[in-house]
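K.L.:
Protein chains in written order, with this note's numbering: chain A, 1 to 255; chain B, 1 to 557.
Hints in this document: simulated from the structure, not taken from any laboratory.
All clues given are correct.
Okay, the calculated beta carbon distance ranges per label pair:
id : chain 1 : residue 1 : chain 2 : residue 2 : range
1  : B       : Arg241    : A       : Arg246    : 32 to 42 Å
2  : B       : Ile486    : A       : Met104    : 47 to 57 Å
3  : A       : Pro65     : B       : Gly296    : 11 to 21 Å
4  : B       : Leu496    : A       : Arg30     : 41 to 51 Å
Counterexamples of contact, computed for chain B against chain A with all Cβ distances above 10 Å:
id : residue
5  : Thr111
6  : Met114
7  : Arg183
8  : Leu306
9  : Gln492
10 : Glu526
11 : Gly533
12 : Pro548
Here's a subset of chain A near chain B, in silico, CB distances under 7 Å, partners left out:
id : residue
13 : Pro18
14 : Met32
15 : Ile39
16 : Phe96
17 : Pro131
18 : Leu175
19 : Gly180
20 : Arg224
These numbers were taken from a predicted model, which means no experiment stands behind them.
C-beta: ideal position from N, C-alpha, C; glycine also.
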Amino acid sequence: MYSALSLLLTARHVAWMPPDGSLRGPIVDRLMFWNLIAIVAAAVIAHLWLIVALIRRRSTSRNFPSPVRWGLVGVFCVMYAWMALTAQRLWAANRFTGPSLTAMHVEVVGEQFQWYFRYPGPDATFGATRPQLVNAAAGNPLGLDARDPDGKDDVVSSVLVLPAGHEVDLQLRSLDVIHGFFIPGMRLKENAVPGLVLHLHFTPEKPGTYPILCTQVCGMGHGRMQARLMVVSPADYTVWLDKRERALQQQEAGE
Amino acid sequence: MRSRALSRIFTTDHRRLGILYLYLALAAVMVGTILSLMMRIHRVWPNLMVPFVGLVKPEDYLAMVTMHGTLMVFFVLLIAPQAGFANLVLPEQIGARRMAFPRINAAAFWTSVMAFLVLISGAHIKGGSAISGWSSYPPLSALPAAGPGQGLGMDLWLISIGIFCIASWLSAVNMLATILGERRAGMTWSRMPMTVWGWLVTSILSLLIFAVLLAAAVLLFSDRHFGSSFFIPLGDMIDGRIVGHGDGSPLLWLHLFWFFGHPGTYLAVLPGMGLATSLFANFTRRRVPGYRVMAGGLVAIGGLGLVVWGHHMFVSGMNPWAGTAFALTTMAIAVPSTIEVIGWLAMLWGGGLRLKTPMLFALGFLSFFIVGGLTGPVLAQPALDSYLHNTFFVVAHFHLVMGMAGVFVVFAGVYYWYPLMTGRMMSETLGKLHFWISVVGVYGTFLPMYFAGLAGEPRHYDRLAGPATSFSTLIPLERGITYSGIVLAAAQLIFLWNVFASARRGRVADENPWQASTLEWANVAEFGRIENGPYEYELQSGGERFHPQWETAAKEE
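In isolation and in its complexed conformation, chain A is listed as follows (with noise of 0.2 Å):
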């Protein structure tokens, strides 16, 4: 039913929900569903209530039954409950614990007005940054330290390139203001914060490009902070990746 009437509501041009591409996507659709039916029902039922009370000219004396009204009280009880334990059960699983072991891992820098994406590289291992080196100019706007091994082989990238179907760990952090990060398509939100490193895990599913928003005003280029999620297939993933190492390499031999 649920499916149903979400696809005539698209067919209807009703601006809902964009396609979803994540795994958990589709829990936080059902439930934003139904609880918008719960709502959507409960303030008809309140108007046509009111509708009742304007057209009856005739004034009774009757107070109103006070069982009735504690009655009605619990029914809202028993929504609000059910509302607090389905969504409750979804957060925890998606924010209480971890990503898996085998979660691949990318780091989200936001800085006005900009995103950027790292990677790792083939040590899987994040080199050090220091907000003394940040230099965009010198094509070094996360500030890598040249001298840490660690970060000879990381990948930074305008773009986010996942491949479908494999776990992902962000670690999303702000060189100067807090930005919001948003990926609609994957039914996910969290803020990139200064001083912090928040991690938020996800498994895009379906490929696909998907727009990146900054959903925390912060500052003149707020509206224009965009990037673009990019889902492809796992071997996609691996050349695009292999691609820029080899430009990587490239570079450092011809320095």
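Fit chain B to the given chain A structure using the hints.
P.N.:
Here is chain B on its own, set in the frame of chain A:
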């Protein structure tokens, strides 16, 4: 002559001060509305030249958002229902001749005016007004180099908010002392009108939360000018320059701000909830069912309001377990809110409503409170909020439940108490026209925003385009919102005309024009001990009777 004019302005008379407060809120709401129209028009026709601004740059848009939010929240919703209406009728409603501290009360008003002037002066300075939104998250708000408007504009914003905190604090001290100490003999807790319960709760909340906001504002000012690092982390950079030398945390500001900010939004609606209860009783001629429960509900909402601030921070980097805790406290607040709404619906169920303008606006308040409030339990769930946070879904939610519900109950109050201010009645015909156009305008403007939010459209975007995404499918929806917004704003001209024309030409009001039972409609000098409850309306088969609170020993006639 001159001294009389001066004494009219620099008055310590609470009713005059109430009217002056309402003028201040009117000035703020007019500027705030014009700003919102400019934003709405810019979103739909981005290349249109706006008068006095020219082409709207992204920073202009953000300055408008910031100024709109600050004006509407602080200078309209935190002033009109509280200081405005309380000064108008609070002493009379409890049978007092005056406020407890009339001079402190007057000082609070002029301090609020000062805060207002400091805030709007930001529009005329170099760099313009602050652009970091009404919640002013650091480091954006802590560093002058973080954007245009974040220099002097941000300083003025902070100073204005600091002054406003002091003003609200003074006002709340006076209000609380008046309620606790100035009640007439016989005005027991259970004989207080529901509005007084609202003001009791909001004045206690004000004392707690404005102290915290003032402290936060002082700390942020110190970060900006005295080299401290309460909110700026180590190694923080702006414009390629390292500015973070201490080891502060931006999250500290979020905690302090929302500890103020969430109860702050309740200051906007709790007195209104009290007024709506009074109006429903009056215009249905019924007692309030479960008076104690309804009064207790207001207290519970206020109390729980102090422990829910974290629901603004589900995706801020706060520990996810804390998210669960705040989700549960937030859900708990839905229970007293539901009790209030069901109480109102139960009062209305019997029918026979007298649909005078104040009653219509109270019903409008109830409708928005339901439609806006029901999305609260959805947003209270971190799993769902982590999609909806900072999208237009949230914008729709708070504009309905706080903004429009709050403003409608202010309209209800103005129509209802107008005879006390001017001795005349406002035009019913114009009032009803104002109501119906406004209701359609409000729903046309804010309901579609829920859908824009579901589609993932973030707040604070000056355009619907960008490198990665284009919300082009939402443009028809956005246009509809703008058209509705224009209709909604235009309908307020009817109200303005009604307010100013009725002061001279309105029908002269009877002594108790609404047949109300609360004490503001009687002459305070003429009655003694209070013996009646606030809502002793009775419907009987032969007709109706009511026992106003100033009536004594007349029950056994």
